[in-house]
Amino acid sequence: MKEKFEILRSTCVPLPLENVDTDQIIPARFLKATTKEGFGANLFHDWRYDKQGNKIETFVLNDPRYSGKILVAGKNFGCGSSREHAAWAIAGYGFRVVVSSFFADIHKNNELNNGVLPVVVSEPFLAALFASIAENPETAVEVNLPEQRITNMSTGKSENFEINTYKKHCLINGLDDIDYLLTNKQKIEEYERL
Amino acid sequence: MNTLFDKIWDAHVVAAVEDGPVQLYVDRLYCHEVTSPQAFAGLRERGLKPFRPERIFCMPDHNTPTRNQDKPIEDPVSKAQVDTLQKNASDFGLTHFGMMHPKNGIIHVVAPERGLTLPGMTIVCGDSHTSTHGAMGAVAFGIGTSEVEMALASQCILQQKPKTMRITIDGRLGKGVTAKDVALYVIAMMTTGGATGYFVEYTGAVVRSMTMEGRLTLCNLSIEMGARGGMVAPDETTFAYLKGREYAPQGEAWDKAVAYWKTLGSGSDAVFDKEVVFRAEDIEPMITYGTNPGMGTGITQTIPLSSSTPEAGRASYRKSLEYMGFNEGDPLIGKPVDYVFLGSCTNGRIEDFRMFAAIVKGRKKAPGVTAWLVPGSWMVDAQIRAEGLDGIFADAGFELRQPGCSACLAMNDDKIPAGKYAVSTSNRNFEGRQGPGSRTLLASPLVAAAAAVTGKVTDPRLMINA
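Chains S and L supply the protein sequences, listed in that same order. So in numbering that gives the first Met the number 0, the last one in the first sequence is 193, and the numbering has no gaps at all. So in numbering that gives the first Met the number 0, the last one in the second sequence is 465, and the numbering has no gaps at all.
Please keep in mind that the hints were generated in silico from the structure rather than gathered at the bench. Note that beta-carbon positions come from the ideal geometry of N, C-alpha and C, so glycine has one too. Hints may be right or wrong, so weigh each one.
[What the hints assert, rightly or not] One-sided excerpt, in silico: chain L residues whose CB lies under 10 Å from chain S:
1. 22
2. 62
3. 145
4. 153
5. 222
6. 291
7. 314
8. 316
9. 408
10. 427
11. 431
Given these sequences and hints, build the entire structure.
This is how it looks when you write it as structure tokens:
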């Protein structure tokens, strides 16, 4: 059973870069663990720390002005490697929502399978949100999953977002796909006999 | 409708979730050591066993060293991950080709060459380059670890059906232009996210006349434009490649299989959600200059100006060139090269080693260059030796290493040092991909070989005889 998701209101961490690949989210040398824990400490490791392991002050995760459970990123977020460790790192760090105008397919599924909600917004909504956060780092965003609505609390602008009914049901009820698949074993055996 | 992809996908739907994904049966689940341990752990926590163990094939490839594989892995964390896969396979009765096993190698090189991957199959693996297997006319795609757990538990995964795209490449490729160049050209034109949400079928005269190795390279790189997968309709080239391979059907079963495989191609009435056409004559040997595979251009070109990219992407574009230490407008030819990597699931097959040998034969490795030649599997290694290519490499000052993913993602000791330039035949030039601070230029085996003997980016067409 995973943590249930309904309505989240939080400040945001802005990452206005495009094509952020999963090698940046979690570099390959941190993939050697055999459990799902501890990846949050290495989220964006090579942008976050220098070679000596000191914090790079200019990177958003190290900037004290920004915090919250929502990561806002440029388009094509999570491209490249299928590593689910990227989703474990995002969830492990404490994010529950990633907002972007476009997500890579595999990473989007990985987020959904780990209780992180990818919210796809329009390019103008994303640009306005980056502008709001730049102007006021305290800008909050409200994500309402049952109503599939995201609101920039600084401007009051709302937008609806898409999510398939099944995944929405899973997130709201904290269920996962294996629970579903296992109720369907008979159908699998019937398929195999065809 | 009625595409190669639709035919295979639809034949594997077990059930549909109302207003949601479909439950898709998978014929093969491939597992490597990096993305499977948490899936096996999840299975144990639920008190389950793999549902169809005979359909699951495991092998370590990401962490394996490329020297002294007969000795224990020195890095204890890498060793633990490789040992975990062996234990999981042994506990659950799964086929496992461990390190030094004659069938070991990179999973995407081994499965096609052993005939495990066959036309008409659905294939998944916790690895984005699973798209490689589409070259055989299979629906193959990368998945996350939660989905690996699903496939272990039920031999099915829940998946939204992607849209379909046909990419046609007409005409005839020029001298020195390889499947890798075709792929890098297509990705540069489509951009790194341009095929997201689509499953791609490659066709046209260029693809039809490509060898199996070339098609595997082409399909391998589909993910680098965001595609869910890439595939090529099975034809005589496919059948000739597969016939007699260890796990391929034999005798009567073979004839029956071929008859079925011949029905899989897209119908003349097939409808794709998107169609794109390219011309072979527009493609020259390619090389990348930035930090995603879409940032590539013809080797004789200059690095595009940031003003030629869309406004919203300019900050990312400049950050990328800054990381590479390149300037807008710089020519690529003549850029100094410190490292050369030949290998990976993209270009670690026999044909890639033949191409590299064709250039380095009778020449010498440039003194300042460190080169790593890593076969994709022991089968490729054996073929290299059988053809005497190892002698050509040795005479030119190159050392052949042992199989694995190696410097493609540097999970073993093969790391490109910070700030150094590597011409690599692999698939990703992301920041730090080949080691923290490494700078990667993706290219074909011919371009890699030309760089290895000259110490700089060089047009291989000037070095090919006849």
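If you test the structure against every hint from before, which numbers come out violated? No hint contradicted; all consistent.
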